[in-house]
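Chains as they are written, first to last, in numbering that gives the first Met the number 0: chain A, 0 to 311; chain B, 0 to 111.
Certain hints may be false.
Below, simulated SDA-like cross-link-like pairs (lysine to any residue); rule was C-alpha separation at most 20 angstroms, straight line [as the list claims (entries may be wrong)]:
1) A:Lys66 with B:Lys83
2) B:Lys95 with A:Glu214
3) A:Lys172 with B:Met107
4) B:Lys76 with A:Glu134
5) A:Lys278 with B:Arg60
6) A:Lys66 with B:Asp81
7) A:Lys172 with B:Arg74
8) A:Lys172 with B:Glu46
9) A:Lys104 with B:Lys76
10) A:Lys278 with B:Asp62
11) A:Lys66 with B:Glu46
12) A:Lys172 with B:Ala45
13) A:Lys172 with B:Val68
14) A:Lys66 with B:Phe40
15) A:Lys104 with B:Lys83
16) B:Lys72 with A:Asp170
17) A:Lys66 with B:Asn39
18) A:Lys104 with B:Thr80
19) B:Lys95 with A:Gly174
20) A:Lys172 with B:Phe73
21) A:Lys172 with B:Asp93
22) B:Lys83 with A:Glu134
23) A:Lys278 with B:Phe40
24) B:Lys76 with A:Ala173
25) A:Lys172 with B:Ser69
26) A:Lys66 with B:Asp38
27) B:Lys95 with A:Asp170
28) A:Lys172 with B:Thr77
29) A:Lys66 with B:Asp82
30) A:Lys172 with B:Lys95
31) A:Lys172 with B:Asp81
32) B:Lys76 with A:Val136
33) A:Lys104 with B:Asp62
To be clear, the hints were calculated from the coordinates, so they are not data collected in a lab.
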Amino acid sequence: MSGHDHREDGVSRRKVLECMTWAGTGVLWTITGGVPRSLGIIDSAQAATAPGMTFLQISDSHVGFDKPANPNALGTLEEAINKINAMPVKPSFMIHTGDITHLSKAAEFDNAERIISQSKLDVHYVPGEHDFLDEEVKFYRERYGRGTKGQGWYSFDAGGVHFIGLVNVVDLKAGGLGNLGAEQLAWLEDDLRGKSKSTPIVLFAHIPLWTVYPEWGWGTEDGGRALEYVKGFGSVTVLNGHIHQVMQKVEGNVTFHTARSTAFPQPAPGAAPSPGPMKVEDAKLRAMLGVASVNFKQNEQRLAIIDTPLQG
Amino acid sequence: MKTLNRRDFGVDFGLTLAAAILLPATTARADDNMEVHIDNFVFQPAELKIKVGTTVTWTNRDDIPHTVVSAGKFRSKTLDTDDKFSFTFTNAGDYKYFCSLHPHMTGMIKVE
Numbered sequence: 000m001s002g003h004d005h006r007e008d009g010v011s012r013r014k015v016l017e018c019m020t021w022a023g024t025g026v027l028w029t030i031t032g033g034v035p036r037s038l039g040i041i042d043s044a045q046a047a048t049a050p051g052m053t054f055l056q057i058s059d060s061h062v063g064f065d066k067p068a069n070p071n072a073l074g075t076l077e078e079a080i081n082k083i084n085a086m087p088v089k090p091s092f093m094i095h096t097g098d099i100t101h102l103s104k105a106a107e108f109d110n111a112e113r114i115i116s117q118s119k120l121d122v123h124y125v126p127g128e129h130d131f132l133d134e135e136v137k138f139y140r141e142r143y144g145r146g147t148k149g150q151g152w153y154s155f156d157a158g159g160v161h162f163i164g165l166v167n168v169v170d171l172k173a174g175g176l177g178n179l180g181a182e183q184l185a186w187l188e189d190d191l192r193g194k195s196k197s198t199p200i201v202l203f204a205h206i207p208l209w210t211v212y213p214e215w216g217w218g219t220e221d222g223g224r225a226l227e228y229v230k231g232f233g234s235v236t237v238l239n240g241h242i243h244q245v246m247q248k249v250e251g252n253v254t255f256h257t258a259r260s261t262a263f264p265q266p267a268p269g270a271a272p273s274p275g276p277m278k279v280e281d282a283k284l285r286a287m288l289g290v291a292s293v294n295f296k297q298n299e300q301r302l303a304i305i306d307t308p309l310q311g
Numbered sequence: 000m001k002t003l004n005r006r007d008f009g010v011d012f013g014l015t016l017a018a019a020i021l022l023p024a025t026t027a028r029a030d031d032n033m034e035v036h037i038d039n040f041v042f043q044p045a046e047l048k049i050k051v052g053t054t055v056t057w058t059n060r061d062d063i064p065h066t067v068v069s070a071g072k073f074r075s076k077t078l079d080t081d082d083k084f085s086f087t088f089t090n091a092g093d094y095k096y097f098c099s100l101h102p103h104m105t106g107m108i109k110v111e
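So that you can see chain B by itself, here it is in the shape it has in the complex (with noise of 0.2 angstroms):
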């Protein structure tokens, strides 16, 4: 986990301070990352709607491993127990994924 110091937060107000002043509240930063967790063989949230440019970080939170897969799109290695796999969409579209191991296991990117 990352934790947070003094400074970081000195940091992170500044840049949301200042976003908050030159864009609508309502756009996201195309910077932003986003997380999406494995609990209990399901992707929290099971569907993310991001700017394009934005990285999503997935981390799996399970005793058991899994993937994340998109096909033709994206594919990340097996995640043990709290591994981390990280992609950038630089692309608008619905990204379908799933995990290829318990194959019930689905989540949807939308990238807009």
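So here's chain A without its partners, still in its complex pose (with noise of 0.2 angstroms):
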């Protein structure tokens, strides 16, 4: 990664250090004037000036994953929530979005409520398709599902902002993509009626609700819908998970952007012959795993998203 100056000498012991440090951490996002926007890579000094409601992203822990690409996923877990208490300003609160367990085991949820905890912050959840999977589903129903509509999506109020999470990993079809189902589609029409078009949206669930790659599922099939019901809205900000890579649009008012995992890479699209996990050198893992941080500040346009690798 860039910054990091790999002279003749060999990298010391204090800079290997400082990159084990960083990572795997999650996304910085700041709302300014409705629009979220991404900061780029956040460092201390721009999170310090940043202002504003700020609240974070991660994505993707697959706790309980242990294959090459990333034999402790917990570890790294542990890693960008170390990163997130070392931030000079506090957010007010964070969203994962999904697959928290790699199994859905009870295990593997109480180990990633076990570090995720230790931020002391406020969390909203939505599932990925690896936090359904034990038998009866009742794993993360139990523990976040409380309070929430059909699935698990809910929405609620924060800084002035309106914030809807959504389910899109439950009834998928042969053939098909990410699904969030008339039930909820209709439940989000009403969830919004009324609402005034000023009111900046935030969007947030598992697979993106765009198309980035429908070759490999990386899609939600009736995504376009939800859309329909945003589209008038001053300031649209889609946040999403599932593909372990940073990737970002923007379309009229709406920004999306998907956040990096905690775990492992997944490939860019179509760069391999699957999205399976990505092994690559350990050196250079933690620049490819982050959290992102979004900062919104009343008045002004823009919501501002940065993305923070573990190690960058």
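Using the hints, put the two standalone chains together into the complex.
Following this line, the structure appears as structure tokens:
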């Protein structure tokens, strides 16, 4: 990664330790006057001066994953949380865009909770497909489903922004993509009814709501319907995970953004035979994991997103 | 993986020989076990033609869990790396199936 000048005399022990501490953070988002926007890589100076409300996004912790791409996914989640705890400005809360666990085992949920709770932040979750794998599909719901509708969707308001957590990992159809379904879409339409068009909207869900790469299932079949409902709003930000890499696009008033995983990277669309975990050199792993931070400032037009690798 | 020892080989060989004598060469044995592998988010082979009574075993060789689901017909548990799922086809027909976690993964078993 940039900023790391590996000179002839090699990497000093201190440098290596610095790198280690950067392994696997989140995305810092700033919402300024309604439009979330990426601030780029978080550094302390930016974070310290970011005005307004700030919240964090972390994603795809895959607690329980122990394959070569990252034998210790719990460890890199902990590094991410440590990174968050070290931020100069404490975020208001955190969202987790799913795949908390790898196999939906009770112990995996417990371990994730034990580490994430060290941030001492309120965390708003949406499930990934890896969180609904237990036979009765109850572990996620017992922990995070309280007060939610349907399969776990909900909305809340914070700092003048309306947040909507959607579930697009249930009842997937053969040959298709992520799925919201008629019941959830009807709820969404109703949830937005009567809202002032100047209310900034943040939609978050596990699988990208926009079509990133259908060949690998990276998109949501009826995501376009959800986006229709928010079309008239002045500022819409869509935050997703699932693809384990940062991808961003802006379309009119809508900003789309995907966060890094805290566990393992996945290849760029079409860059490998499959979207499976990408094994990179150990020294490079932490530059490909991370968190995101978002800052919202009243009366400005953009919401700022900062993607922070665990090491970069 | 199943390791073949000399004795297994002898038995298999004997059965194969008997089948070859008793049945036309193109007819599959009804008790055949067939394999489908999951590699790189793909069912291989994507389409399998089998006889009624055949058991098909799917093996997940990816680092990511998958499922094998044919709506209303069969549904595996979540298969972690190297986990297997078997289903015996007792009725003729076309069985489309997919991975309910990664629905772009599809396959077909044609039973005659």
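Hint check:
Proximity of lysine 66 of chain A to lysine 83 of chain B is assessed by CA-CA distance (about 18 angstroms); at most 20 angstroms being required, the pair is judged to hold. Distance check on the hinted pair: lysine 95 of chain B and glutamate 214 of chain A sit about 19 angstroms apart at the alpha-carbon level, within 20 angstroms; holds. For the proposed pair lysine 172 of chain A and methionine 107 of chain B, the alpha carbon gap of about 15 angstroms is at most 20 angstroms, so the pair holds. Of the supplied pair hints, the one linking lysine 76 of chain B and glutamate 134 of chain A holds, its CA atoms being roughly 8 angstroms apart against a limit of 20 angstroms.
For a cut-off of 20 angstroms, the pair hint linking lysine 278 of chain A to arginine 60 of chain B stands: about 16 angstroms separates their Cα positions. Distance hint between lysine 66 of chain A and aspartate 81 of chain B is fulfilled; the C-alpha atoms sit about 12 angstroms from each other, no more than 20 angstroms. Distance hint between lysine 172 of chain A and arginine 74 of chain B is fulfilled; the C-alpha atoms sit about 14 angstroms from each other, no more than 20 angstroms. Straight-line distance between C-alpha atoms of lysine 172 of chain A and glutamate 46 of chain B comes to about 19 angstroms, which keeps the hinted pair within the 20 angstroms bound.
Distance restraint check for lysine 104 of chain A and lysine 76 of chain B: the Cα-Cα separation of roughly 13 angstroms lies within the 20 angstroms cut-off, and the hinted pair is therefore satisfied. Under the criterion of a C-alpha separation no larger than 20 angstroms, the hint pairing lysine 278 of chain A with aspartate 62 of chain B is consistent with the structure, at around 11 angstroms. Annotation: proposed proximity of lysine 66 of chain A to glutamate 46 of chain B is violated, straight-line Cα distance about 29 angstroms (limit 20 angstroms). Taking the CA atoms of lysine 172 of chain A and alanine 45 of chain B, the gap is near 18 angstroms; set against the 20 angstroms cutoff, the hint holds.
Restraint check for lysine 172 of chain A and valine 68 of chain B: satisfied, since their Cα atoms lie roughly 10 angstroms apart, inside the 20 angstroms limit. Straight-line distance between C-alpha atoms of lysine 66 of chain A and phenylalanine 40 of chain B comes to about 16 angstroms, which keeps the hinted pair within the 20 angstroms bound. Between the alpha carbons of lysine 104 of chain A and lysine 83 of chain B the distance comes to roughly 19 angstroms, so the proposed pair stays at or under 20 angstroms and holds. For a cut-off of 20 angstroms, the pair hint linking lysine 72 of chain B to aspartate 170 of chain A stands: about 16 angstroms separates their Cα positions.
At most 20 angstroms may separate the alpha-carbon atoms for a hinted pair to count; lysine 66 of chain A and asparagine 39 of chain B meet this at roughly 15 angstroms. At roughly 15 angstroms between alpha-carbon atoms, lysine 104 of chain A and threonine 80 of chain B fall within 20 angstroms of each other, so this suggested pair holds. Proximity of lysine 95 of chain B to glycine 174 of chain A is assessed by CA-CA distance (about 11 angstroms); at most 20 angstroms being required, the pair is judged to hold. Annotation: proposed proximity of lysine 172 of chain A to phenylalanine 73 of chain B holds, straight-line Cα distance about 15 angstroms (limit 20 angstroms).
Restraint check for lysine 172 of chain A and aspartate 93 of chain B: satisfied, since their Cα atoms lie roughly 18 angstroms apart, inside the 20 angstroms limit. Straight-line distance between C-alpha atoms of lysine 83 of chain B and glutamate 134 of chain A comes to about 17 angstroms, which keeps the hinted pair within the 20 angstroms bound. Between the alpha carbons of lysine 278 of chain A and phenylalanine 40 of chain B the distance comes to roughly 16 angstroms, so the proposed pair stays at or under 20 angstroms and holds. Our distance criterion of 20 angstroms between C-alpha atoms is met by lysine 76 of chain B and alanine 173 of chain A, whose separation comes to about 17 angstroms.
With a C-alpha separation of about 11 angstroms, the suggested pair lysine 172 of chain A and serine 69 of chain B falls inside the 20 angstroms cut-off, and the hint holds. For the hint pairing lysine 66 of chain A with aspartate 38 of chain B, the CA-to-CA distance comes to about 15 angstroms; that is within 20 angstroms, so the pair holds. As the CA atoms of lysine 95 of chain B and aspartate 170 of chain A are separated by approximately 16 angstroms, the hinted pair is consistent with the 20 angstroms bound. For the proposed pair lysine 172 of chain A and threonine 77 of chain B, the alpha carbon gap of about 17 angstroms is at most 20 angstroms, so the pair holds.
Pair hint lysine 66 of chain A plus aspartate 82 of chain B holds up; C-alpha atoms about 15 angstroms apart against a cutoff of 20 angstroms. As the CA atoms of lysine 172 of chain A and lysine 95 of chain B are separated by approximately 12 angstroms, the hinted pair is consistent with the 20 angstroms bound. A threshold of 20 angstroms between alpha carbons decides the hint, and for lysine 172 of chain A with aspartate 81 of chain B the separation of about 25 angstroms lies outside it, so the pair is violated. Distance check on the hinted pair: lysine 76 of chain B and valine 136 of chain A sit about 12 angstroms apart at the alpha-carbon level, within 20 angstroms; holds.
The suggested pairing of lysine 104 of chain A with aspartate 62 of chain B holds, with an alpha-carbon distance near 17 angstroms, which does not exceed 20 angstroms.
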